[in-house]
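Chemist: Could you slot chain B onto chain A? The hints should help.
Number of protein chains: 2
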Amino acid sequence: MPSMLFEKTTVIGVGLIGASLALAMRKASLAASITGHGRNEANLQRAKEWSIIDSYELDPAKACEGADLVVLATPVGTFKSLVKGISGSLKPGAVVIDVGSVKGDLVYGIESLMPDMVHYVPCHPIAGSERSGIDTSSADLFEDRLCIITKTENTAVAAFNDVSELWRAIGSRVELLSPEEHDMIFGLVSHLPHLVAYALVNTVADMDPGSIKYAGNGFKDATRIAAGSPDLWRDIAAFNSENLLRFLDILKANIEGLSIYIREGDFKGLEEAFKRASELRKSIES
Amino acid sequence: MPSMLFEKTTVIGVGLIGASLALAMRKASLAASITGHGRNEANLQRAKEWSIIDSYELDPAKACEGADLVVLATPVGTFKSLVKGISGSLKPGAVVIDVGSVKGDLVYGIESLMPDMVHYVPCHPIAGSERSGIDTSSADLFEDRLCIITKTENTAVAAFNDVSELWRAIGSRVELLSPEEHDMIFGLVSHLPHLVAYALVNTVADMDPGSIKYAGNGFKDATRIAAGSPDLWRDIAAFNSENLLRFLDILKANIEGLSIYIREGDFKGLEEAFKRASELRKSIES
Chain A
1 MPSMLFEKTT VIGVGLIGAS LALAMRKASL AASITGHGRN EANLQRAKEW SIIDSYELDP
61 AKACEGADLV VLATPVGTFK SLVKGISGSL KPGAVVIDVG SVKGDLVYGI ESLMPDMVHY
121 VPCHPIAGSE RSGIDTSSAD LFEDRLCIIT KTENTAVAAF NDVSELWRAI GSRVELLSPE
181 EHDMIFGLVS HLPHLVAYAL VNTVADMDPG SIKYAGNGFK DATRIAAGSP DLWRDIAAFN
241 SENLLRFLDI LKANIEGLSI YIREGDFKGL EEAFKRASEL RKSIES
Chain B
1 MPSMLFEKTT VIGVGLIGAS LALAMRKASL AASITGHGRN EANLQRAKEW SIIDSYELDP
61 AKACEGADLV VLATPVGTFK SLVKGISGSL KPGAVVIDVG SVKGDLVYGI ESLMPDMVHY
121 VPCHPIAGSE RSGIDTSSAD LFEDRLCIIT KTENTAVAAF NDVSELWRAI GSRVELLSPE
181 EHDMIFGLVS HLPHLVAYAL VNTVADMDPG SIKYAGNGFK DATRIAAGSP DLWRDIAAFN
241 SENLLRFLDI LKANIEGLSI YIREGDFKGL EEAFKRASEL RKSIES
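Sequences listed follow chains A and B, in order. Sequential numbering of the first sequence, starting at 1, is according to my numbering. Sequential numbering of the second sequence, starting at 1, is according to my numbering.
Read the hints as simulated data drawn from the structure, not as lab findings. These figures come from a predicted structure and were not determined experimentally. Glycine included, each C-beta is placed from N, C-alpha and C at the ideal position. Hints are not guaranteed to be accurate.
[Stated by the list, open to error] Once the Cα atoms are required to be at most 25 Å apart in a straight line, the calculated DSS-like pairs of lysine-lysine come out as:
#, chain 1, residue 1, chain 2, residue 2
1, B, Lys62, B, Lys48
2, B, Lys252, A, Lys213
3, B, Lys275, A, Lys220
4, A, Lys275, B, Lys220
5, A, Lys220, B, Lys282
6, B, Lys213, A, Lys275
7, B, Lys8, B, Lys48
8, B, Lys220, A, Lys282
9, A, Lys80, B, Lys268
[What the hints assert, rightly or not] Covered stretches of chain B, going by a simulated chain A footprint (3 or more residues, C-beta under 8 Å):
#, segment
10, 211-219
11, 278-286
Extracted from the complex, chain A is given alone in its bound form (with noise of 0.2 Å):
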């Protein structure tokens, strides 16, 4: 592994994921320099201030001049604007990776725009929280962590080498999806799970929302998600709307199915739907 991957990198969005991995790779000695962009120059100065970046340019095509490494890190709805707006600007052999929540079509609308000699890799680093921006950041937060690549057929090889040695550099274990793929098993794992979150406390919010004071640690795991960035998983739902409204299907149906085993008196019934959960809720780690 060469000790530099890349040389000048450029952070599009140095929130939580982007300043993670701006810290990640100084730490691990995989850029000499770093550049952000973002829209709160305010921000930007911060993580200036803390090391996070060198410096930082306001407009997103003078951020990506010269750069070897781009790293799209906004909400996922900005991505395809950005790459019109910076393309004039990439070098001949840059790498441009995406850490987006949703892959499907956006890849291919993403890969559409890129220009000739420049290489995209679509990456997802599952290292997501509730939380965000630059105080929540840290150089550890990908390690042990995984980082779904969806390679297509038009990924260069090369580049998708070097950014696979990129995360493996900082601890991650890289798996290969499709775009396809990863979008039905993230809409199913991470997408829908985020939507449900945020009908439940809206439950809570028509009912009684006072009631919230005595949650205990079950509510507050359950709905932590709730407290995630409105915009950035309006953006996801949008690009993930067919998977989640067949996904959101099945979840009626299923709320519906404990309703009649309560509203008959089934409790047996109950038991078992409990039971089937539970028994692949503990198939994973706690």
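Modeler: The following block gives chain B in isolation, referenced to the frame of chain A:
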């Protein structure tokens, strides 16, 4: 506060809560001897070996002979038949508490079964977990936790005071609610989230159970309570069915609302729904 509130204590159901209460009472010198009762003799034997209890009895009536305090710590569905079984052996002046997660009508049902001169104080320590059994018990389980006492017009003042003192002595804050208020509030912030978690995991089971291995912390947090005991939660759902059916309807409406926003591409509406939930969730600690 007397240094020894209850000379002889009997714990019926030596699981997470029962065993932890025994350990906590012992640590705070609130019981001279603790007798255990349960259906599983191997568990009682282990509880004795680990000095959680001093002795055990396989006959519940015998276990309660001479007890100053009897703790009902089995699933709520067993309480009434247990009380019928032990009422003949309870001594005058004995205090009976339960630690069940459901109150409401059950409290009045238990009250009506109590012999004269025996004092029942309905309690709900908010210290449950998806874990169960004595392996996970701890003398500190109730520290800095809330304990709800659902006092009624029939609750004896002296017994209520002693029991409140007991919870405070092991580190809990005591708060009063009526049995009805209790079931409304905890139906909303505890029982409903359990049903939702079971339904969510069953949705994964229906769609693609293998995808669970990709689950990150968000999914793990959101579904941790789905690992809880199916029989315990079956009973709770049965005893709080009226509230739960109402809440499940509101939940379904919220989920349907999210579906409609997504289907119609109203992502501004979706974001507003997320924001509403996010703000209420952020009003309590993470």
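Chemist: Next pair to validate is A/Lys275 with B/Lys220; report whether the Cα-Cα distance is within 25 Å.
Modeler: holds (17 Å)
Chemist: Going straight from one Cα to the other, do B/Lys8 and B/Lys48 come out at no more than 25 Å?
Modeler: holds (16 Å)
Chemist: Is it true that the CA of B/Lys252 sits at most 25 Å from the CA of A/Lys213?
Modeler: Between B/Lys252 and A/Lys213 the Cα gap is close to 23 Å, so the pair holds against 25 Å.
Chemist: Check the hint pairing A/Lys220 with B/Lys282 against an upper bound of 25 Å on the C-alpha distance.
Modeler: Holds, at roughly 10 Å.
Chemist: Does A/Lys220 sit within 25 Å of B/Lys275, going by the straight-line distance between their CA atoms?
Modeler: Roughly 17 Å between the alpha carbons, so the hint for B/Lys275 and A/Lys220 holds.
Chemist: Are at least 3 residues of the segment 278-286 of chain B within less than 8 Å of chain A when you compare beta carbons?
Modeler: That given contact holds, which follows from 8 residues of the segment 278-286 of chain B lying within Cβ reach (below 8 Å) of chain A.
Chemist: Between A/Lys80 and B/Lys268, is the straight-line Cα distance small enough, at 25 Å or below?
Modeler: Given that 25 Å is the threshold and the Cα spacing comes to 19 Å, the pair holds.
Chemist: Is B/Lys220 close enough to A/Lys282, meaning Cα to Cα at most 25 Å?
Modeler: With Cα atoms ~10 Å apart, B/Lys220 and A/Lys282 stay inside 25 Å; holds.
Chemist: Holds or violated: B/Lys62 and B/Lys48, Cα atoms, limit 25 Å.
Modeler: holds (17 Å)
Chemist: Using C-beta distances, would you say chain A covers the segment 211-219 of chain B, given that this needs three or more residues below 8 Å?
Modeler: holds (count 9)
Chemist: Check whether the Cα positions of B/Lys213 and A/Lys275 lie no farther apart than 25 Å.
Modeler: Given pair B/Lys213, A/Lys275 holds - Cα atoms ~19 Å apart, limit 25 Å.
When held up to the earlier numbered hints, the structure conflicts with none and fits them all.
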